[in-house]
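Enquirer: The chain contents come next:
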Amino acid sequence: MTAVVEEATEPRALASEMPAGRTTGWWGMVMFVTTEATVFAALLGSYFYIRFQSGQWPPPGIEDPKLTKVVIMTALLLPSSVPVMWAERGIRKGQRWRLRAGLTITLVLGLGFLAMQAWEYSEDLKKHTLTTDAYSSLFYTITGFHGFHVAVGLLMVGWLLAASLRGSFGYRRHERVRLTAIYWHFVDLVWVAIFLSLYLSPRL
Amino acid sequence: MSVSTEPAKLDQLEQEWGERPSLHSWFSTVDHKRIGRRYMVTAGIFFIIAGLDAMIMRTQLARPNATVLSPEEYDQLFTMHGTAMIFLFSTPMFFGFGNFLVPLMIGARDMAFPRLNAFGYWVFAFAGIVMFSSQLVGKAPDGGWFGYVPLTDKPYSSGINLDVYSLGLLFLGVSTTIGAINFIVTALKMRAPGMSLNRVPLFVWAIVATSFMVIFALPALNVANAMLFLDRRFGAHFFDPAHGGNTLLWQHLFWIFGHPDVYIIVMPALGIVSAVLPAFCRRGVVAYPLLVLSIVTISIISFGVWVHHMFATGLPQLSYSFFSAASTLITIPSGIQIFAWLATMLRGRIVVRTPFLFLVGFIVTFVLGGFTGVMFAITAFDQQVTDSYFVVAHFHYVLFGGAVFPMLAGIYFWLPKITGKMYAERLSRWAFWLIFLGFNTTFFPMHISGLLGMPRRIYSYPGDLGWDVWNLISTIGAYILAAGLLLVLIGVIHAVRRGAPAEDDPWGGDTLEWGTASPPPPYNFAVVPPVHGLHPMWDERTTTALATGKVLEGHQAMTTSELDGQVEGTIEMPEESLLPLAAALAILVVVLGLLWSWYWMAGVGALFVFGTVARWLWPPERSPEEAGVA
Amino acid sequence: MPTDQQVRKTGGLLFWFAVLGGALSWAVHLFVAWGVDETTCGGGHTDVAGIPLRGVVAAGVVLPALVTAAALLVAWRGWRRASAAKRSGDDPRMERTGMLLLVGLGADALFLAIILAGGAAVLVFAPCQR
Numbered sequence: 001m002t003a004v005v006e007e008a009t010e011p012r013a014l015a016s017e018m019p020a021g022r023t024t025g026w027w028g029m030v031m032f033v034t035t036e037a038t039v040f041a042a043l044l045g046s047y048f049y050i051r052f053q054s055g056q057w058p059p060p061g062i063e064d065p066k067l068t069k070v071v072i073m074t075a076l077l078l079p080s081s082v083p084v085m086w087a088e089r090g091i092r093k094g095q096r097w098r099l100r101a102g103l104t105i106t107l108v109l110g111l112g113f114l115a116m117q118a119w120e121y122s123e124d125l126k127k128h129t130l131t132t133d134a135y136s137s138l139f140y141t142i143t144g145f146h147g148f149h150v151a152v153g154l155l156m157v158g159w160l161l162a163a164s165l166r167g168s169f170g171y172r173r174h175e176r177v178r179l180t181a182i183y184w185h186f187v188d189l190v191w192v193a194i195f196l197s198l199y200l201s202p203r204l
Numbered sequence: 001m002s003v004s005t006e007p008a009k010l011d012q013l014e015q016e017w018g019e020r021p022s023l024h025s026w027f028s029t030v031d032h033k034r035i036g037r038r039y040m041v042t043a044g045i046f047f048i049i050a051g052l053d054a055m056i057m058r059t060q061l062a063r064p065n066a067t068v069l070s071p072e073e074y075d076q077l078f079t080m081h082g083t084a085m086i087f088l089f090s091t092p093m094f095f096g097f098g099n100f101l102v103p104l105m106i107g108a109r110d111m112a113f114p115r116l117n118a119f120g121y122w123v124f125a126f127a128g129i130v131m132f133s134s135q136l137v138g139k140a141p142d143g144g145w146f147g148y149v150p151l152t153d154k155p156y157s158s159g160i161n162l163d164v165y166s167l168g169l170l171f172l173g174v175s176t177t178i179g180a181i182n183f184i185v186t187a188l189k190m191r192a193p194g195m196s197l198n199r200v201p202l203f204v205w206a207i208v209a210t211s212f213m214v215i216f217a218l219p220a221l222n223v224a225n226a227m228l229f230l231d232r233r234f235g236a237h238f239f240d241p242a243h244g245g246n247t248l249l250w251q252h253l254f255w256i257f258g259h260p261d262v263y264i265i266v267m268p269a270l271g272i273v274s275a276v277l278p279a280f281c282r283r284g285v286v287a288y289p290l291l292v293l294s295i296v297t298i299s300i301i302s303f304g305v306w307v308h309h310m311f312a313t314g315l316p317q318l319s320y321s322f323f324s325a326a327s328t329l330i331t332i333p334s335g336i337q338i339f340a341w342l343a344t345m346l347r348g349r350i351v352v353r354t355p356f357l358f359l360v361g362f363i364v365t366f367v368l369g370g371f372t373g374v375m376f377a378i379t380a381f382d383q384q385v386t387d388s389y390f391v392v393a394h395f396h397y398v399l400f401g402g403a404v405f406p407m408l409a410g411i412y413f414w415l416p417k418i419t420g421k422m423y424a425e426r427l428s429r430w431a432f433w434l435i436f437l438g439f440n441t442t443f444f445p446m447h448i449s450g451l452l453g454m455p456r457r458i459y460s461y462p463g464d465l466g467w468d469v470w471n472l473i474s475t476i477g478a479y480i481l482a483a484g485l486l487l488v489l490i491g492v493i494h495a496v497r498r499g500a501p502a503e504d505d506p507w508g509g510d511t512l513e514w515g516t517a518s519p520p521p522p523y524n525f526a527v528v529p530p531v532h533g534l535h536p537m538w539d540e541r542t543t544t545a546l547a548t549g550k551v552l553e554g555h556q557a558m559t560t561s562e563l564d565g566q567v568e569g570t571i572e573m574p575e576e577s578l579l580p581l582a583a584a585l586a587i588l589v590v591v592l593g594l595l596w597s598w599y600w601m602a603g604v605g606a607l608f609v610f611g612t613v614a615r616w617l618w619p620p621e622r623s624p625e626e627a628g629v630a
Numbered sequence: 001m002p003t004d005q006q007v008r009k010t011g012g013l014l015f016w017f018a019v020l021g022g023a024l025s026w027a028v029h030l031f032v033a034w035g036v037d038e039t040t041c042g043g044g045h046t047d048v049a050g051i052p053l054r055g056v057v058a059a060g061v062v063l064p065a066l067v068t069a070a071a072l073l074v075a076w077r078g079w080r081r082a083s084a085a086k087r088s089g090d091d092p093r094m095e096r097t098g099m100l101l102l103v104g105l106g107a108d109a110l111f112l113a114i115i116l117a118g119g120a121a122v123l124v125f126a127p128c129q130r
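Chains A, B and C are the protein sequences, given in the same order.
The numbers in this note's numbering rise by one with no breaks, and the one at position 120 of the first sequence is 120.
The numbers in this note's numbering rise by one with no breaks, and the one at position 558 of the second sequence is 558.
The numbers in this note's numbering rise by one with no breaks, and the one at position 36 of the third sequence is 36.
Each hint should be verified, as a subset may be incorrect.
No more than 27 Å apart at the CA atoms, straight line, and that leaves these computed lysine-lysine pairs for DSS-like [said to hold, decoys possible]:
#, chain 1, residue 1, chain 2, residue 2
1, A, 127, B, 550
2, A, 126, B, 154
3, A, 126, A, 66
4, C, 86, C, 9
5, B, 139, B, 154
6, B, 154, B, 550
7, A, 93, C, 9
8, A, 69, A, 127
9, A, 69, A, 126
In case anyone wonders, no lab produced these hints; they're calculated from the structure.
The structure presented is a predicted model; accordingly, all values stated were derived computationally and were not measured.
Isolated chain A, as found in the complex:
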């Protein structure tokens, strides 16, 4: 390891061009994901800003958010990144069946996530709504905004699936798959942050 670092401080190594060779589409999606990630950072920052200055959290009258459904949602969403990667690797080798199968699995898992979220909301809304307290305003806005991103991601995956059924992709042409995958992984990572911040950390 030290040998690597030794040699890495040589000028030739410091001058190695990194990043290099990405496409314009890749950079566009990465920049887009960066700005959206910042939106979630601002939302979570607002959440903690209010939370750390409040006494009891959640405030009196509102219970801790239930974990069961959310754990299932997490179990659906996080692994759904795998079929997308598997699909992408497949189409890079020209295997169209892999692309279609992987996208379909991700679509099903993602829809499952949204269905569970709708179920979770239907129960939560009986206890508190957007207008109950700042806590609820934050809770519904953050989770709702994320759910919106999942929905958009599923529209992208579905659209990609439709295009792949039409025969647009192969080992020479698959950039849209990669860009959609980047977006989908981003949606997953944001969920982890939300899960940890809104659901787990109040219980610590």
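With chain A held as given, fit chains B and C onto it using these hints.
Expert: For chains B and C alone, coordinates are given in the frame of chain A:
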């Protein structure tokens, strides 16, 4: 002039890239030069409206207890003046410059995403129309450009005015963000071969730094505006202390955006200064690496000073200290730039023309604004002058000095390149002196009235406080300033209609845009220019290659590597399309639906947004061989 | 024996640490030190989970300062070596590297100054003093 040895190929390029002038093409153009001009003209119109807002305000404030305006009218005027100048004029105007110049300066044929570029323009235009329309019907935002809660929240502002504010800015934010992404990707991937990062023109560095600031700053504003809209329209409690909310949250979110925003405004202008100066000093800007250092560090530090807008809100002194430190030390990179430009003038051979005059005007005015700025960095001083006219004086010196003077320099400098016509030097010098005199007459007295205790944002004032004469002088100055700006407008229109035809390179410039015709052909460069240094047009290797090199045929553009500009390949560029306009219209429908509480309409609009984007990005059908099937 | 690819990748990462390490570290300092101070005082406390607030803020000054200093050293060393290295004719790689390392050097120094200037306030003010 790029005369290739293969004229037939030039004709072919003209055919591939040219957009036949027609109504259809006006709506479907994706040419960065047309879009850039459009941004500039539209932003110019918005500048005039926002300026007239100010003239009316100054007329009201000329004398104590005047009755030209009611308090409510005054509130709408000062809010729209600030909001429009910042959001609808300055950044779009500089995005216009960037749009026109960045591809040319880096030797590219267009932006990386031409259709997205067109989309960004349409969204900006529609957002501006929505916001200004509210002024026409007397329902303009009236809570100040900074929209502090609880005043702007229910129940203190119950009209539609502040919904126009929050939704209008959310709408506009789409355009700004998309423009920023486009600039970054273009600058990373489409530079000419050999244009490694240390050979990138300072204007391009400035635009890219601005774009990164947009990427990280806009989200805070968007979150704030979304929260405000939810509070007002749907009864959320983000900012409502009675239900666990926090009013300071608005200020934090707003200024986390708002401070970087003032650098988002000024940074492209500083880039223009670096771009224009060489031609009038007959040498490159001194200490290029230090200027890159300044651009990069100012952009980053700008995110860590925002609480200096909140020094009077009662937060712990320790918290204030971190921001005071950053606010004070940000003057170092700012100062480095000024000294570099001064050194360039000292070590060069100065040629005085109108653009140079505006650069000198910029230095004087911006530095004065910087002095008062660093005074504000000291918490104790700030707490004495906060919310007084001293602040108004400061920010007009840095904004007008820092943004408008360079913008005017840029307009005169690049007018020949953009329009193919030269401006009249005598008329423009009159314009400069009237503007310089008028500006200082308007805003210098505000330092005094501010120190004498005159608060901001008041529609009138009593006559026995010693403020009268300063206000009167300010108003006279405003009229002189307006006259000067009118001369600029007249001069530009006159040049476009009857000006002398301009050469390709009237200034002997050093950057690649001077290696094209005036105005440039639709494809910009027939030969992709190889770059060997910082001043490609002063380098024979590049100029010879432009004249005699191999033409890059077809509707193609070249891509190179991110850091070192090594050739990677070519990409096919998109044709004209109506989809960008359609998508922008669809978002307009969503915004209006939300504004008027017709949520079904917003939903339909959202479906259309999805539909147009899905169509836009739909891949072509390909045969298995073409796509590459296993 | 480290592979060429490993060395290049590490070299690239070290390069970016030199150029942007100070900036990132300062950002962490700012959000942690300010954020903990304002929200803890705003909630009426003077400690964070038992640890005195002054200590937490001080850690939010000292640790980022050390990281920034490290970035500064890497930038300094890297810039010296890049400036001394042979340049090949028309290949701008080494010049590009040298210039950006110089930018990193200046940036890291500036951010270190800002952290220390603001951090000095920890010695002067009580954390919740208004």
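Enquirer: Each hint: holds or not?
Expert: Now the hints, each set against the structure:
Restraint check: the Cα-Cα separation between residue 127 (chain A) and residue 550 (chain B) comes to about 71 Å, which exceeds 27 Å; the hinted pair is violated. Pair hint residue 126 (chain A) plus residue 154 (chain B) holds up; C-alpha atoms about 25 Å apart against a cutoff of 27 Å. Distance restraint check for residue 126 (chain A) and residue 66 (chain A): the Cα-Cα separation of roughly 14 Å lies within the 27 Å cut-off, and the hinted pair is therefore satisfied. Taken as a hint, the residue 86 (chain C) and residue 9 (chain C) pair is honoured in the structure, with Cα atoms around 21 Å apart against an allowance of 27 Å.
Only pairs whose Cα atoms come within 27 Å are accepted, and residue 139 (chain B) paired with residue 154 (chain B) is accepted, the gap being roughly 16 Å. Between residue 154 (chain B) and residue 550 (chain B) the CA atoms are separated by roughly 65 Å; this puts the pair beyond 27 Å, and the hint is violated. The straight-line distance between the Cα atoms of residue 93 (chain A) and residue 9 (chain C) is roughly 26 Å, inside the 27 Å bound, and the hint therefore holds. As the CA atoms of residue 69 (chain A) and residue 127 (chain A) are separated by approximately 16 Å, the hinted pair is consistent with the 27 Å bound.
Pair hint residue 69 (chain A) plus residue 126 (chain A) holds up; C-alpha atoms about 16 Å apart against a cutoff of 27 Å.
Hint compliance for this structure: hints 1 and 6 are not met, and every other hint is.
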